[in-house]
Structures are given as structure tokens and as C-alpha cells.
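S.K.: Given next are the chains, with one letter for each unit.
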Amino acid sequence: MLHIFCPHCAEYREEEEFHSKGQAHLARPLDPEACSDAEWGEYLYFRKNPRGIHHELWIHAAGCRKFFNMTRDTVTYEIKETYKIGEKPSVTAQS
Amino acid sequence: MSQDNRLKSGGRIDRSKPLYFVFNNVSYTGYQGDTLASALLANGVDIVGRSFKYSRPRGIVTAGSDEPNAVIQLGSSEATQTPNVRATQQELFEGLVASSTNGWPNVNVDAMGLVGKIGGKMMPPGFYYKTFMFPQSLWETYETFIRKAAGLGRSSYENDVDTYDKINQFCDVLVVGAGPAGLAAALTAARGGARVIIADEQSEFGGSLLDSKQIIDGKPAAEWVSEVVSELATFADVLLLPRSTVNGYHDQNFLTIHQRCTNHFGDQAPANQVRERMHRVRAKRVILATGAQERPLVFGNNDLPGCMTSTAISTYINRYGVAPGKNLVVMTTNDYGYQAAIDWHDAGREVSAVVDTRANVQGRCVDEMQARGIRIISGSAITEVHGSKRVKAVTIAPINADGSAVAGPAAKWKVDTVASSGGWSPAVHLSCHTGSRPVWKEDIIGFVPGPTVQEQLTAGGINGCYETGAVLKQGIDAGLTALQELGLNEVTVAVPSAEDLSRTPAMPLFLVPHKKPTSRAPKQFVDYQNDVTAAGIELSCREGFQSIEHVKRYTALGFGTDQGKLGNINGMAIAANFQNKTIPETGTTVFRPNYTPITFGAIAGRDVGSLFDPKRYTAMQPWHIAHGAKFEDVGQWKRPWYFPKAGESMHDALNRECKATRESVGILDASTLGKIDIQGKDAREFLGRVYTNAWAKLAVGKCRYGLMCGEDGMVFDDGVTSCLAENHFLMTTTTGGAARVLEWLEIYHQTEWPELEVYFTSVTDHWSTMTISGPNSRALLAELTDCDLSNDSFGFMDWKAATVAGVPARIFRISFTGELSYEINVQANYGLHVWEQLFAKGEKYNLTPYGTETMHILRAEKGFIIVGQDTDGSIHPHDLGMSWAVADNKPFSYIGKRGMAREDCVRPDRKQLVGLKTTDPLVVIPEGSQGVFDPNTPIPMPMVGHVTSSYWSENLGHSIAMAFVKGGLSKMGEKVYYPQADGTVIEAEICSPVFLDPKGDRQNV
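Chains as they are written, first to last, in numbering that gives the first Met the number 0: chain U, 0 to 94; chain H, 0 to 1004.
It is worth saying that the hints were derived from the structure and are not from the lab. It is possible that part of the hints are untrue.
What the hints assert, rightly or not - Result set (DSS-like, lysine-lysine): computed pairs, CA atoms no more than 30 Å apart in a straight line:
hint : chain 1 : residue 1 : chain 2 : residue 2
1    : U       : 20        : H       : 896
2    : U       : 87        : H       : 680
3    : U       : 20        : H       : 165
4    : U       : 65        : H       : 680
5    : U       : 47        : H       : 896
6    : H       : 701       : H       : 889
7    : H       : 165       : U       : 65
8    : H       : 889       : U       : 65
9    : H       : 325       : H       : 514
10   : H       : 391       : H       : 514
11   : U       : 65        : H       : 283
12   : H       : 514       : H       : 413
13   : U       : 83        : H       : 680
14   : H       : 16        : H       : 218
15   : H       : 514       : H       : 388
Looking at chain U on its own, in the form it has when it is part of the complex (with noise of 0.2 Å):
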């Protein structure tokens, strides 16, 4: 059981609270109309599946109810950071 520093609380909480919400920074095109299928399809249902470090979107469910990004590794499961949505994460792949 993960245990997780929601960025809105402040505080560390039993992942229980949460629930996670797959890939993070996925931004809805703001021009729908002119995606082509392929591309809304893209949009829609291709996902990354790393290995290592991961961006996930996550909520606080049984907390503030409040989204924010996590950075896990998939491989340790170790939580790198949370930080809140429009911010961008300090641990990358690349980096």
C-alpha cells in the first residue's frame, strides 16, 4: 500500500484515500474538429506503459477530492514526488 503526500493537504496519507488515474498530462486537444480519427483515437486510448518513471494523474478521493500529478517509478514503486496540476514534475526520465 502506497503511501502518498497529497500536495493539497500537505500531508502523507494511506493510499487508500486515493485513487489513481492513469497518465498524467494528457491535455484535451483544444481543437477537437480538427484531430483527424487517427489522432483523437491517440488521445483517447494510447498510453505509455514505462518502465521506470512514470507521470500519473491521481485524486484524493476520500480526502480533498483534489487531482495531482504523481511521479512513481513502476519498477520500485517508489513515489519520486506529487506536485499539483500545471506544475511540472522535477523528476523526468531524462533526467
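Chain H: place on chain U using the hints.
M.R.: Leaving out everything else, chain H in the frame of chain U:
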């Protein structure tokens, strides 16, 4: 029966407290402080079970949680049956009843034995894969045989009578294991002010010190232990957990501890006490002081009762005062194995010899043997054991220097007990649970914990450190490191003095050679519980299953309830050797939680019965019960399903409820519908983006139905949203979709459109909602409100704030039945009052309560969909014939718009929702039936869609159905057929799903 093997004195048992127990229907006596295993050995019980595959007699091998054979069924009554109990861990109590889990008719006269021995030859590794796959039709026959023959215990046929518990814990330092390292670490951390939990699987703290004659600080080790435990008990922030196995080490230092609170009192917990408790611990630091387990040696017939590990011999003598035999021979690859000979001799029993596989034996162990007159046979090994139900003799032969071959003539020795020691395997299991791979250390001939991302420290035997003084120092150092890392008080702790013996190096030996090749030699068991032999592992490698993970699965090595604690290292080494690889090259299999088997009771805790899942009731629940409602689960809600009168069938009740509503007035408890309060200056804009239809012009006081789609264009919820004020809306959702919709709104607001000022609050539980429906609903409501209900001032799809039955209410004139209908919302705690007032006034209108089933029928008569029943995630609004609820001219590209425009979504032959009228009006098509256009085509017929909703309509006098049909919206009047499992075919005509009042005259009055 007398306890023949009980020594005259010694042990940590209370001889003044005899305990009577029954094993395999025979009564025995043991003492307080015994385990079931020590009591059985005291009574000379050699055979505790039969082996899994070959049905060979098996005896007790170890004295701890690594025991592979003495896995027994416990329980004196049906309700208290517990399978998979290790006799070596089960403390004896008065009246204990236990039995072997396999062996029929009993373990001594085993009918399976013959079958097993014949079957054994026919059951090589991979037997199941090779044999039982073909022909597949016979699998059920095989399975019955295998299950009967295997039998590792059974669960009770009755409900568990005990209570189990879970508790969440946190601490600075969790110490796993209360041997010398763990106790030293815990004491150090406690003195430094840390909040400490120390857990140990044994009944008392002390670990290996409980069975040793070690002197610490000039005192017997057990005295040092009791002093440390006493001091630990004085700290308020130290939790001592004996009988508690740390079973799982999970991410970010989350560990689960399985505490057996009352299992030592009886097979049922004393009144008002829990039987077992699961501690869920979040620890800032974990100190693993789990020690090491002795590897037995692998030699011919090494599974015969009487063959034990050498530490088990010492433990039974020193801790329980039991010498499990008369005449011992010890085989060892190292100095530690000699301790069994010393203890056996000092207990007054005969040691025939110590067989040391090393050619040159020097040092202290030689002196100890000489002092006792015990012969050492060096450079030799026990290649084979003889006997049928117990060791009777051994064959001893010289072996070569690397232990790969017999190097001389053998001699036969008469003994009844064999102790073997192949060295220590550090108990690295917990350190592996989080994904860390153990690392082979050549100097200790064992795996130690590898690198980890956890905040983990290790001390003592787990590191391959086995000398008491050094172990104590490692424990203290680990405690100091934890204190330092946590920024707690620095303390100085003197390392207790303990005599550390100089040892000569051990010899790596994982398979004792036999004069015959492994495949021809008597069975050399590696994993007792799964009957895996050295020959089996070699066969696996020969057949191409060479990776250790493949070997494991092909042979079942390490699969049992003991998880290969004894056998894994030997097995890996044998596989490595056979393939001319090193042990690190071969590696280990992955150890996973749990360390030892755990009861389902402990996992479930109190989350059983009525506490398994929350139940949600509306404020009108007492009334529903008083009026005989049958209930239906909708999510966690308990909703009235229908209200049968005395003697009424469900069918009769539904017909009555439907007719009463359409003819006069019915009432539905709709409180469970999801309600979300939406406020903010951009609320209207937000609604326009998440609903498919237009919201820009919805005036205050008006309501509107909306469809919600995913980005793929598929419908996922629907409901009515009302404009309460210019920047204030109330959204309703389906009962089951409320939480999902709220999260959906939040995710778009928080991640995509944070610039919109809008706030969402779930108000589902704040309101009681009752829907009155039918031609007399206006007259009924008028009796309880001063609100002007006339059609001119309060039209369809309007809402008004008013007083109803004396309490403030919101009245929504919306309809899910097609009738004149009012949805009355009042503060939840007024709900029952208003409901009762409606019935007080409603008698003259035959006000009829109805539940979800009548609601379904009434809405189907009008062709209204239920999301989740008439949709399934692959259906867009146009498929439903609801293009009227889609506004593609909105400036913002609402959620679902782009998805609906995909190539696949605009195909003309998509499955579309239509109504069905059966040719025989009395036939109701079963829901889920698949339709075909031509029932005469050969099977498999092309299917064109399924029936989603289907009912008998008493109001219309014929059956009605809604169904998906390919291209159905352009096939009005055509026939579609529904072949049934019984061979009949139901014929139906495609029609509009609006069966009743298509113009809406009934609701617009």
C-alpha cells in the same frame, strides 16, 4: 501413554501442568509450554502425515515455521476446524484435537501407500502437465483423484465462531524478530525515545537464545532475554508482539503482522476476545532481525521419520526437554551441526558419531567431541537411510573433497535418529517482498538481502552473522542508525559480552553423493512438502526447464505452505550444479507475501456479515419495511423493488402498481438519485461542455434533461438538471452513477478548465425525494401545499420552491412515467413526515407506493432509457434515437462531440435502439435475447442486436420491449426474430419505443 522421550529435567515447560490432547484419535499428555510438535515427539509419535505425491510416511523435521511435514488439521468441533496449522508453531492447550491432513485410512496403515508407491514411479515432475491435459474430457476424473490424494486440510462447513480484528499502527522503528539482534535493536531504539514495535512469531521473545546454552554478560542467555524484555515493557511507546508473524513487507515500509492472540488458549477464543489480529503498520524504519534457517542435507531416503535438522534436535532438548530418539548420528558440513551432538549427549542419550563432510576437522568442535567420547567420521557422509516407518540404520561412506562422489566403501550403522546440517540460510524473505533480489555471499554460503529502496536495516543472522556477540553488536548498531536517521536521541549502549567461537569454514554441499547416479539412487528429497527430489530437479533441467523459475513451476519446488523455506536453496544449487552454473548465475525464485499461511479470518477482520459493505437507506426506509416492501440493491442503496399485498405474486403487484399510477396516482421514493449542487459564474458554460445539449438559455425555474457522454461519444449518464438561480444549478444523476459523475465533473474542471469558476457539491444525502405520478397527482399535492399548481403557472419542466406539508420543499414538475408528475424534494430528515402526510391525504386517491420494477415498466411504456440497461458504453445518443438531445451548434466542442463524429459512429448499420411488439402479444421476450433477421439461416446465425428491456404492460395489454437492432431506426415495421435456448423462436415487429401517449398529452395537462 507415557512420554518416553521426555527428559527427566530441563526445558521451558511447566511439568506441574499436564495437558491432555488428541492426535489422530489417540489421547496423549504433554505439558504447558509444549508445542503440539514437541508433545508428539515426547510421546514417540514418529509419523505425522503422508507425503503429497508418493504417500511416504513423514515425521517432524524442524521446530519452527519452516516445518514442511507436520502440517495438521486443528479443531475439536466442526465450527473450529482450521487447516494448515504447523504443529511446530501450535502451542499445546488442554483438550487440543488435531489430525493429519492426509493418509487414509490412517497415517500408519496407509491404503494410499501402495497406490502412491506405484503411482510415484508414474508421477515424474511435470506429471500434471504431461498427463492430465489429454484427453481434456477426463480432467474431472483426474481432478477428483488428485484432490482426494493430495489433501492439505479443509475448511469448516460451518461459520467461524470467532471474531478477528484489524488495527492500523504506526511507529518509528519496527523490529522484525526478537532474537538477540532484534532485542538489542529494539532496546537501543527504545532507549533513544523511538516509538517501537517488536514482533516475533514465537510464543516468547528470545529467538535462538531460548534453546541455547550461551552465556551473555555472565548470565545464561535466557536471563539476559528476560531482563531486556522487562526493560522494553517499561517504555510506554514500545509495543511487544509475541505470537506475531510479520508476514508481508509492502511498499514504503507498510508491513502486515499476523498476531495469534488467543490460539494458545483453545480452538475457540475466550468470550469477548478476538482470535487473531492483523496489524497494518506504517514504519519509518524497519529493522529486519529475522535470523537464519538451517538447511537440511539432501541424501537418500532423507524424508524418513527420525531425520531432522540439527537445530531442531537442540531446540527440542533445550527448550522442551524432549530427546526425539535413543541413538543419534549427526551429519554436518559445518561446526554448528556439532551442537546437536553435544546437547544429545548431555541429555544422557547415545551419540553414535558425527559424520563431517569436511576432510579436515579442527578446533573447538573436535575438543568438545573428544571430551564426550563422541567419534567424528570426517570426509564422509550419510548417503542413505534405511527403515520403513522410522530410521533404523544409515549408510556412511567416504566422499571426495568437493562432495561430488562417493570415494570408498560404505558401512552400515544402526541408529534411530539422524540430525543433518547443511549450514544456514538467512531468512531474507521479507526483504524480497518489495522486489529486492537477494545477493549470494560465498563466504557464508547463503543469500543475504540485496539493495532496496525501502527504509530498511538488517541485523544478525539475516546478514549471515551467526556469532552471538557479533549479532548483538549488529542489533545495537541498527538501533543506533535508526535513531540517528530519525533525528532522535543519541544513546550509548554497551555491547553485552558473549563468547564468540572461532569456526572453521563450512563446506558447500547441497546434494550428498550416492554410489548410484541421482536418477537411480533412493529418493533424495529437496522439498518435502511437494515431494520434489534431486532427481526431479535434474530431470526438469534435462527436459529444458532450466531457468530457476521454470524449474520451480515444473517440479513444484517451493510451492507448498512452507514456501520452500527448507528446500529452496538446496534446489537452486542442485539445478545450478547440474547445469554447470554458479548459484548467483542461477539465482533465486521470488519470495512473495505471505511468509507463513494466514487465515482468511485475519484478512477479513470485522469486515464480514453486515459490516462487509455499507448499506444505504433513505429516510423513508421504516415506512417501506412497515408496508412490506421487497428490496433491490442498487449500488449500496437498498431500494424498494415492489410492494406486494397479502397473497399477491410479484406479477400481480406490478400490474396493480402500474395501473394505479396511470389511473390515479402512484408514489416512488427517488431519494437515491444522485444530486450535485453546481454553483459559480461559469456553471452554465460548464454544463454546456459536459452535456450534449444546449444550456445557454435555460431560464431560472426551468429543468432540462441531459445526456452525458465520454470523449468517445458514448453515453455514460443522464439526468435532469434544474436552474435554481442564474449561477446555481442542481444536477441529478443515475443512482449508481452519482460518484462517477461527480469525479467526472471534477477531473474536467481541475485538469482541463481550471479557469472556469464553478463548484460541485454532492447533496444526494441532503434531500429526500418522492415522486408522485398520475392524473390525480396535482389534486393530491394541492392538499399539502399553497403553491399554485395550475398548468399555466407551473408547467411541465418547471420547478418551484414551496411549502409542502409544512416544510420547505423544491417541487420539480418532471416525469419519468409520462404522467402528470411532481418530484418533491425536502430536507432529508423531513422525508418520512412528508411521505406520511401524502399517504394521509392520498387514501381517497388510492395513492399507491411503487418500487423500481414498476418504475422500469412505466418508463419503458414511454420509451425512456435507463443508462446501463439500455446502454452499455458502446452506444451514442444517435444510436438511441435521441438526436434531439444533441446540440452540435454549440460554440464549445462539448465532451463527446468529436467522438460521435468518428467514422465508425456514423455508419448507417450501427445497432440502434428500437421498440419491439411481439406477434403474440402475450409473449414477453427474455431480456438479453439476441435477434436475427432470418431464423432459417444455419447456425451460427448473424446476430443483429439484443433485447435490453422487456416487460408485460398491464396498461397496454401486451408485452413491450426495447432492443438494439442493426440499422433498426430505418426498419420500422420489419420483422426481427429471437431464437431461444429451447429451440422456439419469438417473432417481433420493429416499432417506435414510445408505446404510450407519443404526443405527451398525459404529462402536459
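S.K.: So, for every hint listed, does it hold in this structure?
M.R.: Taking the hints in turn, this is what the structure says about them:
1. A distance of roughly 22 Å separates the Cα atoms of residue 20 of chain U and residue 896 of chain H; the hinted pair therefore holds under the 30 Å criterion.
2. Between residue 87 of chain U and residue 680 of chain H, the direct Cα distance comes to roughly 29 Å. Compliance with the 30 Å bound is thereby established for this hinted pair.
3. Using a Cα cut-off of 30 Å, the hinted pair residue 20 of chain U and residue 165 of chain H holds, with the two alpha carbons roughly 28 Å apart.
4. For the hint pairing residue 65 of chain U with residue 680 of chain H, the CA-to-CA distance comes to about 20 Å; that is within 30 Å, so the pair holds.
5. For the proposed pair residue 47 of chain U and residue 896 of chain H, the alpha carbon gap of about 25 Å is at most 30 Å, so the pair holds.
6. A hinted pair counts as satisfied when its Cα atoms are at most 30 Å apart, and residue 701 of chain H with residue 889 of chain H qualifies at roughly 20 Å.
7. Distance restraint check for residue 165 of chain H and residue 65 of chain U: the Cα-Cα separation of roughly 29 Å lies within the 30 Å cut-off, and the hinted pair is therefore satisfied.
8. With a CA separation close to 29 Å, the supplied pair residue 889 of chain H and residue 65 of chain U stays within the 30 Å bound.
9. A threshold of 30 Å between alpha carbons decides the hint, and for residue 325 of chain H with residue 514 of chain H the separation of about 28 Å falls inside it, so the pair holds.
10. With a C-alpha separation of about 20 Å, the suggested pairing of residue 391 of chain H with residue 514 of chain H holds against the 30 Å cut-off.
11. For the proposed pair residue 65 of chain U and residue 283 of chain H, the alpha carbon gap of about 27 Å is at most 30 Å, so the pair holds.
12. Distance check on the hinted pair: residue 514 of chain H and residue 413 of chain H sit about 20 Å apart at the alpha-carbon level, within 30 Å; holds.
13. Between residue 83 of chain U and residue 680 of chain H the alpha-carbon distance is near 24 Å, which keeps this suggested pair within the 30 Å criterion.
14. Pair hint residue 16 of chain H plus residue 218 of chain H holds up; C-alpha atoms about 27 Å apart against a cutoff of 30 Å.
15. Note on residue 514 of chain H and residue 388 of chain H: the hinted pairing holds, with a Cα-Cα distance of about 24 Å set against a maximum of 30 Å.
Checked against the numbered hints listed earlier, the structure breaks none of them; every hint is satisfied.
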